[in-house]
Amino acid sequence: MTERLLQLRGVTKHYGPVRANHDISLHVDRGEVVALLGENGAGKSTLVKQIFGLVTPDAGEIVVKGDTRPISGPSDAIARGIGMVHQHFQLVPVMTVTENIVLGHEPISGGRVDLPAARARVQELSDRYGLAVDPDAEIADLPVGTQQRVEILKALSRDVDLLILDEPTAVLTPQETDELLRVMRELAESGTSVVFITHKLREVLAAADRVYVLRGGQQVGEVATADVDEAGLAELMVGRSVVLRVEKDPAAPGEEVLAVEGLHVADDRGLPAVADLSLSVRAGEIVGLAGVEGNGQRELVEAIAGMRRPTGGRIHLRGDGTTQGGASGAVGEVDLTRARPDRARAAGVGHVPEDRERHGLVGSFSIADNLVLNRFTHRLFARRGVRNRAAIDDNATRLREQFDIRSAGIHTRAGALSGGNKQKIVVARELSARPRLLMAAQPTRGVDVGSIEFIHSQVVAARDAGAGVLLVSAELDEVLSLSDRVLVIHDGHIVAEVDPATIDRAEIGRLMAGGRRDAQALADEWGAGGEKQGPAH
Amino acid sequence: MNDTSTTDRPGPSPAGPPREQGATSPENRRGVLDVLARFQGVLVPIVALLVAFAIGAALIRLQGVNPAFAYTTLFRDALLTESGLLRTLQKATPLILSGLAVVIGLRVGLFNIGAQGQLLWGAIGAAYVGVHLAGAPAVVILPAALLAGIACGAVWAGIAGLLKAYRGVHEVISTIMLNSVAAGVIDWLVSFPLKEPGQSIPRSSAIDPAAELSNLGFVPVGFVVALALAGLIAWILRRTTAGFRFDTVGANRDAAHYAGIRIPLVVTAAMCASGALAGLGGAIETLGVVGRYETGSSAGLGFDGITIALLARANPLATIPAALLVGVLRSGAAGLQFETGIQPEVVDVLLAVTLLLVSIPVLARVLFGRRARDGVSLTSGWGS
Numbered sequence: 001m002t003e004r005l006l007q008l009r010g011v012t013k014h015y016g017p018v019r020a021n022h023d024i025s026l027h028v029d030r031g032e033v034v035a036l037l038g039e040n041g042a043g044k045s046t047l048v049k050q051i052f053g054l055v056t057p058d059a060g061e062i063v064v065k066g067d068t069r070p071i072s073g074p075s076d077a078i079a080r081g082i083g084m085v086h087q088h089f090q091l092v093p094v095m096t097v098t099e100n101i102v103l104g105h106e107p108i109s110g111g112r113v114d115l116p117a118a119r120a121r122v123q124e125l126s127d128r129y130g131l132a133v134d135p136d137a138e139i140a141d142l143p144v145g146t147q148q149r150v151e152i153l154k155a156l157s158r159d160v161d162l163l164i165l166d167e168p169t170a171v172l173t174p175q176e177t178d179e180l181l182r183v184m185r186e187l188a189e190s191g192t193s194v195v196f197i198t199h200k201l202r203e204v205l206a207a208a209d210r211v212y213v214l215r216g217g218q219q220v221g222e223v224a225t226a227d228v229d230e231a232g233l234a235e236l237m238v239g240r241s242v243v244l245r246v247e248k249d250p251a252a253p254g255e256e257v258l259a260v261e262g263l264h265v266a267d268d269r270g271l272p273a274v275a276d277l278s279l280s281v282r283a284g285e286i287v288g289l290a291g292v293e294g295n296g297q298r299e300l301v302e303a304i305a306g307m308r309r310p311t312g313g314r315i316h317l318r319g320d321g322t323t324q325g326g327a328s329g330a331v332g333e334v335d336l337t338r339a340r341p342d343r344a345r346a347a348g349v350g351h352v353p354e355d356r357e358r359h360g361l362v363g364s365f366s367i368a369d370n371l372v373l374n375r376f377t378h379r380l381f382a383r384r385g386v387r388n389r390a391a392i393d394d395n396a397t398r399l400r401e402q403f404d405i406r407s408a409g410i411h412t413r414a415g416a417l418s419g420g421n422k423q424k425i426v427v428a429r430e431l432s433a434r435p436r437l438l439m440a441a442q443p444t445r446g447v448d449v450g451s452i453e454f455i456h457s458q459v460v461a462a463r464d465a466g467a468g469v470l471l472v473s474a475e476l477d478e479v480l481s482l483s484d485r486v487l488v489i490h491d492g493h494i495v496a497e498v499d500p501a502t503i504d505r506a507e508i509g510r511l512m513a514g515g516r517r518d519a520q521a522l523a524d525e526w527g528a529g530g531e532k533q534g535p536a537h
Numbered sequence: 538m539n540d541t542s543t544t545d546r547p548g549p550s551p552a553g554p555p556r557e558q559g560a561t562s563p564e565n566r567r568g569v570l571d572v573l574a575r576f577q578g579v580l581v582p583i584v585a586l587l588v589a590f591a592i593g594a595a596l597i598r599l600q601g602v603n604p605a606f607a608y609t610t611l612f613r614d615a616l617l618t619e620s621g622l623l624r625t626l627q628k629a630t631p632l633i634l635s636g637l638a639v640v641i642g643l644r645v646g647l648f649n650i651g652a653q654g655q656l657l658w659g660a661i662g663a664a665y666v667g668v669h670l671a672g673a674p675a676v677v678i679l680p681a682a683l684l685a686g687i688a689c690g691a692v693w694a695g696i697a698g699l700l701k702a703y704r705g706v707h708e709v710i711s712t713i714m715l716n717s718v719a720a721g722v723i724d725w726l727v728s729f730p731l732k733e734p735g736q737s738i739p740r741s742s743a744i745d746p747a748a749e750l751s752n753l754g755f756v757p758v759g760f761v762v763a764l765a766l767a768g769l770i771a772w773i774l775r776r777t778t779a780g781f782r783f784d785t786v787g788a789n790r791d792a793a794h795y796a797g798i799r800i801p802l803v804v805t806a807a808m809c810a811s812g813a814l815a816g817l818g819g820a821i822e823t824l825g826v827v828g829r830y831e832t833g834s835s836a837g838l839g840f841d842g843i844t845i846a847l848l849a850r851a852n853p854l855a856t857i858p859a860a861l862l863v864g865v866l867r868s869g870a871a872g873l874q875f876e877t878g879i880q881p882e883v884v885d886v887l888l889a890v891t892l893l894l895v896s897i898p899v900l901a902r903v904l905f906g907r908r909a910r911d912g913v914s915l916t917s918g919w920g921s
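Just so you know, the sequences run in chain order A and B. Going by this note's numbering, the residue at position 17 of the first sequence is 17; the numbering climbs one at a time, nothing skipped. Going by this note's numbering, the residue at position 379 of the second sequence is 916; the numbering climbs one at a time, nothing skipped.
Source of the hints: derived by calculation from the structure; they are not laboratory data. You may find that some hints are simply not true.
[Unchecked claim] Just some of the chain A residues that point at chain B, by a computed CB distance under 10 angstroms:
hint	residue
1	Val113
2	Pro116
3	Ala120
4	Gln123
5	Tyr129
6	Val144
7	Lys200
8	Arg340
9	His351
10	Glu357
11	Arg358
12	His359
13	Gly363
14	Asp369
15	Arg387
[Claimed, not checked] Counterexamples of contact, computed for chain A against chain B with all Cβ distances above 12 angstroms:
hint	residue
16	Asp227
17	Thr311
18	Val334
Backbone N, C-alpha and C define an ideal beta-carbon position, used for all residues, glycine too.
With the hints as extra help, turn the sequences into a complete structure.
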């Protein structure tokens with residue numbers, strides 16, 4: 001009864017000594033949603049690139065609808081009914097939705113593109129799959145979630161039986177993610193199979209029928225989602241149990257560490273990003289900032305860190321020096337409103353930046369140099385302008401051990417490490433300065449599960465040592481599980497304060513979207529979906 | 538005051554053995570290549586030079602001269618006579634300094650094309666003091682003349698530095714234009730206000746003999762100064778906080794901003810330091826070789842500095858062998874022309890081919906395959 005669309009047998013792809021894929025076998029039947037789950041670097045992308053003909057396997061065979069001929073390239077894959085939506089969209093920003101979808105197979109009439117016909121076709125596709133788009137909108141004007149819908153329609157317009165989505169939710173807001181998961185289910189019910197890559201357990205359980213788990217380039221498990229829960233999947237992914245809920249004692253908040261009053265900050269274009277925002281962080285608590293990315297979080301954090309000059313308001317760092325976290329000497333109240341990054345740091349601000357490759361590290365420098373990147377003039381590491389190599393190396397040896405940074409040695413180039421190890425360098429550096437205020441922006445983005453757990457435990461340890469922590473994350477699960485108190489930010493304002501222990505996802509999703517009604521509808525839908533999947537959260 | 542120790546926090550238990558790093562290929566014949574690949578910073582320029590000499594040999598042959606004889610003549614002339622050796626070292630001295638000037642810029646991510654103009658300002662500044670302080674004792678006039686050269690070069694480069702730091706003017710554009718401005722203004726200076734009385738050609742008066750830089754046997758004093766400066770700059774870049782600032786700005790500007798480094802200050806300081814070195818090169822040329830400012834006497838020294846810095850892969854100590862190579866070729870080229878009639882421009886072909894092979898990563902790929910490191914990393918790009 002079920003038709004086998006795709007069958008992989010012993011697919012192997014090596015890049016030199018690196019085993020990207022080793023002896024992988026899997027299958028996809030018509031009308032099912034299959035998830036490929038694995039940590040960063042587990043070989044998921046390499047695998048789907050081979051299915052789509054972008055990479056040729058070293059060994060093994062890929063059978064499409066019983067046809068064993070090797071796939072010669074993307075056009076061959078499309079001809080055989082396989083479509084793919086790449087992680088980075090392949091759309092022309094200045095063209096309309098219609099033009100993008102028909103690009104490459106335009107209906108021609110009299111030597112010219114028949115735009116009315118193309119438009120009708122796009123409308124028909126949109127209606128058939130329930131993917132609402134405005135055929136005449138320009139891509140550049142559309143939000144990311146809608147652009148992705150256009151990508152999916154573009155793939156579907158080639159009459160595909162199997163749609164591959166490479167990390168489709170990485171760029172989406174929670175609402176857009178839920179919408180996409182719904183679309184994947186509907187596609188499957190209408191007979192189009194879906195294969196999607198993710199490293200988020202919730203998405204696997206919410207949308208997939210079956211899941212293949214990859215680890216270190218090998219297929220380590222195949223399970224039906226009905227038979228497994230998040231903890232089981234996580235264990236398969238990392239090969240050991242991980243704590244999904246962060247284990248921490250109740251917070252014992254002390255005095256106020258950070259006071260932000262009526263702050264205004266502009267973004268890179270000079271437009272207001274943070275408007276009249278006030279917040280406070282106390283010693284010994286983790287304050288989570290929940291919000292859809294682009295609502296002023298980045299500008300707020302950069303203003304407090306001294307990297308961006310506020311256009312109004314005040315930033316004060318307080319503390320009488322009795323807190324254990326009281327680091328770098330400054331006692332009492334310090335006005336950081338117009339401080340430079342070095343002064344903010346000297347006053348006791350630690351900052352894990354959201355973009356570690358861009359701000360947090362110098363890839364061509366050694367681990368040792370990166371571990372003192374913003375403290376190289378500290379009297380421990382330099383005297384009269386001459387750097388103290390021995391102290392820098394000792395510091396690196398100790399932190400590498402303590403923070404479990406996996407590398408050949410302390411003089412390895414930081415750029416050669418995996419995302420998780422890079423982030424451990426940044427976290428180690430910021431925590432080793434014993435900040436009074438730790439700001440952690442997206443501290444576990446692109447980091448493998450094992451490192452996530454470790455970084456979370458370190459943040460909690462810093463809190464317990466008396467630091468105030470301001471946590472910014474696009475991962476709602478992370479904000480809710482790690483924070484003692486959650487502030488919701490929307491459009492540059494704090495719109496609500498909620499208790500992470502009692503708030504439900506639907507409610508916080510509504511607040512993050514600014515309380516709009518359509519968001520409410522989506523949130524309700526998720527609530528229903530959540531019941532169907534059991535008590536995952 | 539507080540130390541950075543965090544040992545009181547519970548450390549993580551090591552979760553399994555560290556991942557395998559830098560796994561070596563099991564095949565034995567690859568082993569030799571792996572070892573050689575470690576020294577590719579030295580091997581690639583040497584192989585590039587050999588290829589260049591082979592191409593040069595073909596060009597020399599085309600002109601009807603035996604390449605072996607031509608090369609023997611060139612090297613004998615440059616190295617094996619006392620006067621030739623002195624001339625070679627005299628040529629290498631400003632080349633080391635202009636090479637260092639370009640190296641400093643590269644380390645901050647700036648491509649200082651303007652070493653030539655900065656060097657000319659150094660030469661005229663030293664000449665001015667050497668002429669106008671005539672009669673002062675050597676301990677006054679010599680340092681004053683050198684400092685004047687350094688200051689002139691630093692100020693000239695500082696213009697480009699300030700424009701870059703505070704107005705975002707690309708340093709390649711500004712330094713190229715400042716080169717032309719420098720050449721024009723200095724030509725005017727030695728044609729009118731600073732011209733030697735009674736002379737028809739544009740040149741300054743001779744400097745006071747007390748301002749002359751002498752030679753220790755066949756080693757010019759300026760050469761010793763240049764060697765010392767190469768060592769000093771290597772030390773500054775490796776071991777000081779100033780050097781760390783330079784390298785951080787050059788490697789990742791955003792991270793430098795995050796780390797609290799004041800990028801405009803570093804950019805301006807680096808350009809001034811760069812100009813000071815080029816200016817010193819010009820001053821030593823005036824005080825140690827020419828004895829006055831003469832239009833055309835320092836032509837190309839600043840541009841050779843770019844070649845040298847790239848050959849040296851922005852490593853200050855490596856500018857010494859690179860500058861000696863260029864010095865030998867330039868010094869021997871004159872004798873080559875005298876004895877065989879071959880145009881000295883053949884040396885430019887040799888240098889150009891060598892530089893091309895070193896700068897583009899092709900040669901390293903051919904030699905070492907995947908083990909090849911990237912070519913010389915230039916500036917932070919044209920867009921910045």
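Status of each hint after checking the structure:
Given the 10 angstroms rule on beta carbons, the hint for A/Val113 is violated: about 35 angstroms separates it from the nearest Cβ of chain B. Interface hint status for A/Pro116: violated, as the beta-carbon distance to the closest one in chain B is roughly 41 angstroms, over 10 angstroms. With 10 angstroms as the threshold, the beta carbon of A/Ala120 stays out of range of chain B, its nearest partner Cβ sitting at about 43 angstroms, so the hint is violated. The interface hint given for A/Gln123 is broken, as the beta carbon of that residue sits about 41 angstroms from the closest beta carbon of chain B, more than 10 angstroms.
Nearest Cβ of chain B to the Cβ of A/Tyr129: about 41 angstroms, over the 10 angstroms cut. The hint is violated. Among the interface hints, the one on A/Val144 is violated; its C-beta lies about 23 angstroms from the nearest C-beta in chain B, farther than the 10 angstroms criterion. The beta carbon of A/Lys200 comes no nearer than 22 angstroms to any beta carbon in chain B, farther than 10 angstroms, and the hint placing it at the interface is violated. Annotation: interface hint on A/Arg340 holds; nearest CB of chain B at approximately 6 angstroms, less than 10 angstroms.
Of the supplied interface hints, the one on A/His351 holds, with its beta-carbon coming within about 8 angstroms of a beta-carbon of chain B, less than 10 angstroms. Look at A/Glu357: its Cβ gets to within about 9 angstroms of chain B, closer than 10 angstroms, so that hint holds up. Nearest Cβ of chain B to the Cβ of A/Arg358: about 5 angstroms, under the 10 angstroms cut. The hint holds. Satisfaction of the interface hint for A/His359 is found here, the shortest Cβ-Cβ separation to chain B being roughly 4 angstroms, below the 10 angstroms cut-off.
A cut of 10 angstroms between beta carbons decides the hint on A/Gly363: the least distance to chain B is about 7 angstroms, and the hint holds. Checking A/Asp369 against chain B by beta carbon gives a least distance of about 7 angstroms; that is within 10 angstroms, so the hint holds. Taking 10 angstroms as the C-beta contact cut-off toward chain B, the hint placing A/Arg387 at the interface holds, the least distance being around 6 angstroms. Remark: the non-interface label on A/Asp227 is consistent with the geometry, its nearest Cβ contact in chain B lying 28 angstroms away (cut-off 12 angstroms).
With 12 angstroms as the threshold on Cβ separation, the claim that A/Thr311 sits away from chain B holds: the shortest Cβ distance comes to roughly 19 angstroms. The beta carbon of A/Val334 sits about 15 angstroms from the closest Cβ of chain B, which is more than 12 angstroms, so the claim that it is off the interface holds.
Checked against the numbered hints listed earlier, the structure breaks hints 1, 2, 3, 4, 5, 6, 7; every other hint is satisfied.
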